[in-house]
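**Student:** Now for the letters of each chain:
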Amino acid sequence: MSTRLLFVVRRPPYGDTLSREALDALLGAAALGAPVMALFMDDGVLQWQPGQQPPKGSKNLAAMLKALPLYEIEDVFVSRACLLARGVDPDALPPEVEQLDDGQVRELLARSGQLLVSF
Amino acid sequence: MRFCLLILAAPGSAGARSAYHFTRAALAQGHEIRRLFFYHEGVHNASALTAPPRDEEHLTMEWAELIAAHRLPATVCVASGVRKGVVDDRQAQRLEREQGNLRAGFKVAGLGDLVSGAAEADRLITFGP
Chain L
1 MSTRLLFVVR
11 RPPYGDTLSR
21 EALDALLGAA
31 ALGAPVMALF
41 MDDGVLQWQP
51 GQQPPKGSKN
61 LAAMLKALPL
71 YEIEDVFVSR
81 ACLLARGVDP
91 DALPPEVEQL
101 DDGQVRELLA
111 RSGQLLVSF
Chain W
1001 MRFCLLILAA
1011 PGSAGARSAY
1021 HFTRAALAQG
1031 HEIRRLFFYH
1041 EGVHNASALT
1051 APPRDEEHLT
1061 MEWAELIAAH
1071 RLPATVCVAS
1081 GVRKGVVDDR
1091 QAQRLEREQG
1101 NLRAGFKVAG
1111 LGDLVSGAAE
1121 ADRLITFGP
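For the record, the sequence lines run as chains L and W.
Residue numbering for the first sequence follows my numbering, beginning at 1 and increasing consecutively.
Residue numbering for the second sequence follows my numbering, beginning at 1001 and increasing consecutively.
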């Protein structure tokens, strides 16, 4: 594949299975050797909230996020404006996650708009 | 143009209906559908057990007819299917159920079908829940 798949995560964790399935798809695609990138924006930034205590029966998605580097998913982006708007401390995110300003988010989406996996 | 569609929306929702009409319109304009990949609540589009009232659309049946007429590659993701209860006969047996409920024309497979569909497409479009 010459063009990379951009996974966009826009929904919060735990409300339904969508975010769990989004991360399963992202990790699964990477495991199959597809070149992937991930962008967390809107309510999707809540995946990065520290100290998550999901209810029993829900997989802890924060733990899945820790697996991203293990699957060699290096291009992980978060909208900084969305972090701030939802009260997620930007300093709580790992340094390898790149925080983008609005212009950079737009540019990433414009670049990757042809192969968008949007959750 | 070659399209790969990721369908996350269940029948009865606007997302699923949009995906269906988009597929029809794209085919009518001579485009190619490289893959329909049903994931999350989208797996319900492949259920053989739906029977809505006569004055409502019957999207699962419409999908099956479209898939048959154009020989479209339609995959239900195995992980979502098993989780949400849309399985083929073989899987049903593995789960010790009597039979599956997968409508004819759909197959069950893994994420590899989404990845290969994307690799063969000019555009991947997601129809969300």
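Quick caveat, the hints were computed from the structure, so don't treat them as lab data.
C-beta: ideal position from N, C-alpha, C; glycine also.
Certain hints may be false.
Derived lysine-lysine pairs resembling DSS-like cross-links, with alpha carbons at most 27 Å apart [stated by the list, open to error]:
id, chain 1, residue 1, chain 2, residue 2
1, W, Lys1084, L, Lys56
2, W, Lys1107, L, Lys56
3, L, Lys66, L, Lys56
4, W, Lys1084, W, Lys1107
Derived CB-CB ranges, DEER-like [said to hold, decoys possible]:
id, chain 1, residue 1, chain 2, residue 2, range
5, L, Arg106, W, Asp1089, 45 to 55 Å
6, L, Asp102, W, Phe1022, 22 to 32 Å
7, W, Pro1053, L, Asn60, 33 to 43 Å
If you only want the chain L side, here are some residues facing chain W, beta carbon under 10 Å, derived [claimed, not checked]:
id, residue
8, Val8
9, Tyr14
10, Gly28
11, Ala31
12, Leu32
13, Gly33
14, Leu100
15, Asp101
16, Gln104
17, Arg106
18, Leu116
19, Val117
20, Ser118
**Student:** It remains to establish, for every hint, whether it holds in the given structure.
**Tutor:** Outcome of the hint check:
With a CA separation close to 19 Å, the supplied pair Lys1084(W) and Lys56(L) stays within the 27 Å bound. A threshold of 27 Å between alpha carbons decides the hint, and for Lys1107(W) with Lys56(L) the separation of about 33 Å lies outside it, so the pair is violated. Restraint check for Lys66(L) and Lys56(L): satisfied, since their Cα atoms lie roughly 20 Å apart, inside the 27 Å limit. Distance hint between Lys1084(W) and Lys1107(W) is fulfilled; the C-alpha atoms sit about 16 Å from each other, no more than 27 Å.
Distance hint for Arg106(L) and Asp1089(W): a CB-CB separation of about 47 Å, consistent with the stated range 45 to 55 Å. Remark: the range hint 22 to 32 Å for Asp102(L) to Phe1022(W) is upheld by a beta-carbon distance near 29 Å. Between Pro1053(W) and Asn60(L) the beta carbons are some 42 Å apart, a value that agrees with the proposed interval 33 to 43 Å. A distance limit of 10 Å between C-beta atoms decides the matter here; for Val8(L) the minimum to chain W is near 8 Å, and the interface restraint holds.
A hinted interface residue such as Tyr14(L) counts as satisfied when its beta carbon comes closer than 10 Å to some beta carbon of chain W; here the least separation is about 15 Å, so the hint is violated. Evaluation of the Gly28(L) hint against chain W yields a held restraint, the C-beta minimum of about 4 Å falling below 10 Å. Restraint check, Ala31(L) versus chain W: the minimum CB separation of about 9 Å is within 10 Å; hint holds. Because the smallest distance between the Cβ of Leu32(L) and any Cβ of chain W comes to about 5 Å, under 10 Å, the interface hint for this residue holds.
A least Cβ separation of about 8 Å between Gly33(L) and chain W falls short of the 10 Å threshold, and the interface hint therefore holds. Annotation: Leu100(L) was flagged as interfacial toward chain W, and the flag is violated, the nearest CB pair being 20 Å apart, outside 10 Å. A distance limit of 10 Å between C-beta atoms decides the matter here; for Asp101(L) the minimum to chain W is near 24 Å, and the interface restraint is violated. The closest approach between the C-beta of Gln104(L) and any C-beta of chain W is roughly 22 Å, which is over the 10 Å cut-off, so the hint fails.
Annotation: interface hint on Arg106(L) violated; nearest CB of chain W at approximately 18 Å, more than 10 Å. Given the 10 Å rule on beta carbons, the hint for Leu116(L) holds: about 6 Å separates it from the nearest Cβ of chain W. Interface restraint check for Val117(L): the shortest CB-CB distance to chain W comes to about 6 Å, inside 10 Å, so the restraint holds. Because the beta carbon of Ser118(L) sits about 4 Å from the nearest beta carbon in chain W, less than 10 Å, this interface hint is met.
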